[in-house]
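Student: Note that the working numbering has the sequence shown beginning at 4, numbered continuously upward.
Hints are supplied without guarantee of correctness; some may be wrong.
[Claimed, not checked] Here are the simulated SDA-like pairs of lysine to any residue, each with C-alpha atoms no more than 25 angstroms apart in a straight line:
| id | residue 1 | residue 2 |
| --- | --- | --- |
| 1 | LYS126 | PRO145 |
| 2 | LYS308 | ASP329 |
| 3 | LYS126 | ASN110 |
| 4 | LYS308 | ASP332 |
| 5 | LYS126 | ALA80 |
| 6 | LYS126 | ALA142 |
| 7 | LYS41 | GLU29 |
| 8 | LYS135 | VAL147 |
| 9 | LYS126 | ASP158 |
| 10 | LYS135 | MET115 |
| 11 | LYS308 | ARG344 |
| 12 | LYS126 | ARG155 |
| 13 | LYS308 | ILE390 |
| 14 | LYS126 | PRO111 |
| 15 | LYS135 | ASP79 |
| 16 | LYS41 | ILE13 |
| 17 | LYS41 | ARG76 |
| 18 | LYS41 | ALA63 |
| 19 | LYS308 | ARG171 |
| 20 | LYS126 | PRO114 |
| 21 | LYS126 | ARG76 |
| 22 | LYS41 | ARG20 |
| 23 | LYS135 | PRO145 |
| 24 | LYS308 | ALA333 |
| 25 | LYS126 | ALA98 |
| 26 | LYS135 | ARG146 |
| 27 | LYS308 | PRO255 |
| 28 | LYS126 | ASP58 |
| 29 | LYS41 | THR75 |
| 30 | LYS41 | ARG27 |
| 31 | LYS135 | PRO114 |
| 32 | LYS135 | GLN159 |
| 33 | LYS41 | ASP81 |
| 34 | LYS41 | LEU8 |
Source of the hints: derived by calculation from the structure; they are not laboratory data.
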Amino acid sequence: MNTSLSGHDIERLVRARDWHIAGRLEQARPVYRQLLRKYPRDSDVQSLMAALLIDSGDHAGAIGLLERLAATRRNDADVFYNLGLARAESGDHEAAIHAYRRATRINPAHPMAWYNSGLSWRKLDRHDEAIKVLEQDFALAPRVDTARLLCRSHDQLGHHAECLYYARCCASLDRATPADLDQRIAVEARNLATSMYIDDAHAGELLAAAQHALDLQPDNAQSLLGLGLVQQQLGQHASALPLLERAMRLYPDLPGLRDAYSLNLLVLGRLEEGWRARTLPLRTGTANGEVALPRWSGSIRPGLKLLVKWEQGIGDQILYSRMLLDLADAGVAVTFVGEPRLVPLFSRSMPNVRSVARLSVEEQREHDAFVTLGELHIWLRPTLDTIPPARSWLTADPGITAAFRTAWQCRYPGQRIIGLSWHSEGTNHGASKSVPLETLAPILRTPECVFVNVQYGAGREAFLAQCARVGALGHIDEDCDALVDFDRSAAQVAALDELVTVSNTTAHLAGALGVPTHLLVSTRPLWHWFASGEESPWYPHVSIYRQDCRTSWDGPALRLASQLARRP
4 MNTSLSGHDI ERLVRARDWH IAGRLEQARP VYRQLLRKYP RDSDVQSLMA ALLIDSGDHA
64 GAIGLLERLA ATRRNDADVF YNLGLARAES GDHEAAIHAY RRATRINPAH PMAWYNSGLS
124 WRKLDRHDEA IKVLEQDFAL APRVDTARLL CRSHDQLGHH AECLYYARCC ASLDRATPAD
184 LDQRIAVEAR NLATSMYIDD AHAGELLAAA QHALDLQPDN AQSLLGLGLV QQQLGQHASA
244 LPLLERAMRL YPDLPGLRDA YSLNLLVLGR LEEGWRARTL PLRTGTANGE VALPRWSGSI
304 RPGLKLLVKW EQGIGDQILY SRMLLDLADA GVAVTFVGEP RLVPLFSRSM PNVRSVARLS
364 VEEQREHDAF VTLGELHIWL RPTLDTIPPA RSWLTADPGI TAAFRTAWQC RYPGQRIIGL
424 SWHSEGTNHG ASKSVPLETL APILRTPECV FVNVQYGAGR EAFLAQCARV GALGHIDEDC
484 DALVDFDRSA AQVAALDELV TVSNTTAHLA GALGVPTHLL VSTRPLWHWF ASGEESPWYP
544 HVSIYRQDCR TSWDGPALRL ASQLARRP
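Could you build all of it, start to finish, from the sequences and the hints given here?
Tutor: Right under this line is the structure:
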């Protein structure tokens, strides 16, 4: 304590400080005030009073007191640190950062100034700056709170490797909580979901961390979901299901749980349970701003006017569209509101289904009931046994198809025309479904074949370069891109002899068109390819080549190359 105080007043100040630390602010306040009046220039009294004002919510009073104190104690890091706290509490984070910076210049080893500066930068959504100061704090004192903030800031900027590093730090520090383990699991599961080449040691570590989190909190739904998600990412759907079922009983509204649970049921072939779980939120009202119509209850009768609305991507709309034909064949007057790019193809292929891109409110009210496209599974595909025999049902433009075929035959006489699509743009699963072009080298070396690029979007230059490297004939139709003209792309696919593809829209398009298709599927398949099997119940000419190992596509690529080579 400052020696300018009398011995008695030092005792009073120490007692008041102890009350303050214990949270007994109303007892400490009058003592601080009395001593401040008696010793208006004493820095210890001023500092403690300012701290009490901050804790009491009197930020303006604290700032005023600390600014006066800073003018006389220019080399006191704690004064500027407290000034930063007061300014941050008042909402002025830029001024707070300025004060924290002064504190760290005076005392570079002041960890809390670095830490709170990071908090203020995060409040300003400047995660890049937050990372700089928080890393300084973590280097001085590796604390779980700092590791947690670094993990979140790197996550905000999409820095997955750094995010993973600090998530691991969270789990390894002594004060880590089950929530920190859940954070680590969530981050690493997301990383695993977007990376095909995670090493097996990392996967084992991730499983161990997820199990440890569950051991700490056996009845915590987040921990159950965490372990279930990791097992799903690793293709262990049978093991994941009981965990997700238990989590659903405990906390069915946990974000992300219903999706994980329903998709797990579907990939295991438990269709009715999976679709009921998945569509339950949709069935509580009208979908996507639809006009209020009675929800269809599954009763089929001739003359029923049924409005069906899409809520999936293009690939799923293609797959599910066969159920529209089932309804129309049963005498239901079906109007399907779908993706505009699909309307020409659907109108040509299913003339007994009215396919449109939009309907006015008045036109919607002309129907008896409405249902979402995915919801039809509850009524028309409740079990694997109710899936009708696989067949093709879409028809590409015959003139454009013939033009593609003629052009290829003239340019490559006697060659087999094989389409190639190796990439998926899917937000959640695209990376895990995509195959590096280099891995497809054994396929591209198949003799007497021309490989036609049917990959939508970018990648044409890489395709031609890879064909040149392995000595394959590669062909690009410059005027054909599914993102620009989907109907023309459908004709291009229909003209192929065969297609090699990953799980993307092109796979569904080819399957529904009846094109012989070789499908590369990862260890964590989308539900409609199920967890096992070499054939698809949806499409008659789709053969499935599954990953043997989560970290490599070499196995299915070699098997597919061998199959292509055996064909005449």
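Student: All hints, please: hold or fail.
Tutor: Here is how each hint holds up against the structure:
no.	hint	in the structure
1	LYS126 <-> PRO145	22 angstroms, holds
2	LYS308 <-> ASP329	14 angstroms, holds
3	LYS126 <-> ASN110	24 angstroms, holds
4	LYS308 <-> ASP332	13 angstroms, holds
5	LYS126 <-> ALA80	23 angstroms, holds
6	LYS126 <-> ALA142	22 angstroms, holds
7	LYS41 <-> GLU29	19 angstroms, holds
8	LYS135 <-> VAL147	17 angstroms, holds
9	LYS126 <-> ASP158	15 angstroms, holds
10	LYS135 <-> MET115	14 angstroms, holds
11	LYS308 <-> ARG344	24 angstroms, holds
12	LYS126 <-> ARG155	13 angstroms, holds
13	LYS308 <-> ILE390	24 angstroms, holds
14	LYS126 <-> PRO111	23 angstroms, holds
15	LYS135 <-> ASP79	23 angstroms, holds
16	LYS41 <-> ILE13	12 angstroms, holds
17	LYS41 <-> ARG76	20 angstroms, holds
18	LYS41 <-> ALA63	22 angstroms, holds
19	LYS308 <-> ARG171	56 angstroms, violated
20	LYS126 <-> PRO114	19 angstroms, holds
21	LYS126 <-> ARG76	28 angstroms, violated
22	LYS41 <-> ARG20	17 angstroms, holds
23	LYS135 <-> PRO145	15 angstroms, holds
24	LYS308 <-> ALA333	12 angstroms, holds
25	LYS126 <-> ALA98	13 angstroms, holds
26	LYS135 <-> ARG146	16 angstroms, holds
27	LYS308 <-> PRO255	35 angstroms, violated
28	LYS126 <-> ASP58	20 angstroms, holds
29	LYS41 <-> THR75	18 angstroms, holds
30	LYS41 <-> ARG27	22 angstroms, holds
31	LYS135 <-> PRO114	13 angstroms, holds
32	LYS135 <-> GLN159	14 angstroms, holds
33	LYS41 <-> ASP81	23 angstroms, holds
34	LYS41 <-> LEU8	9 angstroms, holds
Hints 19, 21, 27 from the list above are not met by this structure, while the remaining hints are.
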